[in-house]
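Trainee: The primary structure of each chain is shown beneath.
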Amino acid sequence: ELKVEQNPLFLSMQEGKNYTIYCNYSTTSDRLYWYRQDPGKSLESLFVLLSNGAVKQEGRLMASLDTKARLSTLHITAAVHDLSATYFCAVDTLQGAQKLVFGQGTRLTINP
Amino acid sequence: KAGVTQTPRYLIKTRGQQVTLSCSPISGHRSVSWYQQTPGQGLQFLFEYFSETQRNKGNFPGRFSGRQFSNSRSEMNVSTLELGDSALYLCASSFGARTEAFFGQGTRLTVV
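Line by line, the protein sequences are chains S and D. For our numbering, add 918 to where a residue sits in the first sequence, where the first one is 1. For our numbering, add 20 to where a residue sits in the second sequence, where the first one is 1.
Treat the hints as calculated values from the structure; they're not laboratory data. Predicted, not measured: the structure shown is a model, and the values here were computed from it. Be aware that a few hints might be false.
EDC-like mimics (lysine to aspartate or glutamate), calculated; alpha carbons at most 16 Å apart, straight line [what the hints assert, rightly or not]:
| hint | chain 1 | residue 1 | chain 2 | residue 2 |
| --- | --- | --- | --- | --- |
| 1 | S | 974 | S | 984 |
| 2 | S | 935 | S | 1000 |
| 3 | D | 77 | D | 95 |
| 4 | S | 974 | D | 120 |
| 5 | D | 77 | S | 919 |
| 6 | S | 974 | S | 948 |
So here's chain S without its partners, still in its complex pose:
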């Protein structure tokens, strides 16, 4: 059974600092997604990583995927308050249906 683990689960950081969120998964997959969720809101798609070595960047966020290590990272550069949210990684299960297995989420708080 596919398991997805994120760490840290809680992250409080100051504006201007850099940090990385890690997403490990337990079985083979070549497709990983990162989502953002604001309190009480739905999931907003951030990145789709489709192959080993994939790297995507949008603004202060950069995501990468290492399928051999079964690891994805979400790196935050020079954090700003607007990035405060919960971030989820989700792994495609390689089955013939659309099914994502999510990590527990990382609640990111960025303080001025």
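Given the coordinates of chain S, assemble chain D onto it according to the supplied hints.
Mentor: Okay, now just chain D, sitting in the frame of chain S:
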């Protein structure tokens, strides 16, 4: 381009009642999947429908059921509601298996 629409947005029900939630996918998307989000269990996959057929089901009791119509709209039904069914129910639409999923705003169900 219209996004994924879920109705209703909020719902309060009494234990023992049943409830039906609706999801209209993005035009052209044929896959609709449902997820339950709770603080304790996180995001969990309920089931997925593609072209009116359920292709995959998560580990939930039979009280949780769904269906999909020929226009790809989907409904999920929960019978004999329990307090533990209180959650945010999210639906996601996609073209098919292993394609990017886009989430609706969710239905927040409270069982009292």
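Trainee: When the structure is checked against the list of hints, which entries are broken? Sort them ascending.
Mentor: Violated: none.
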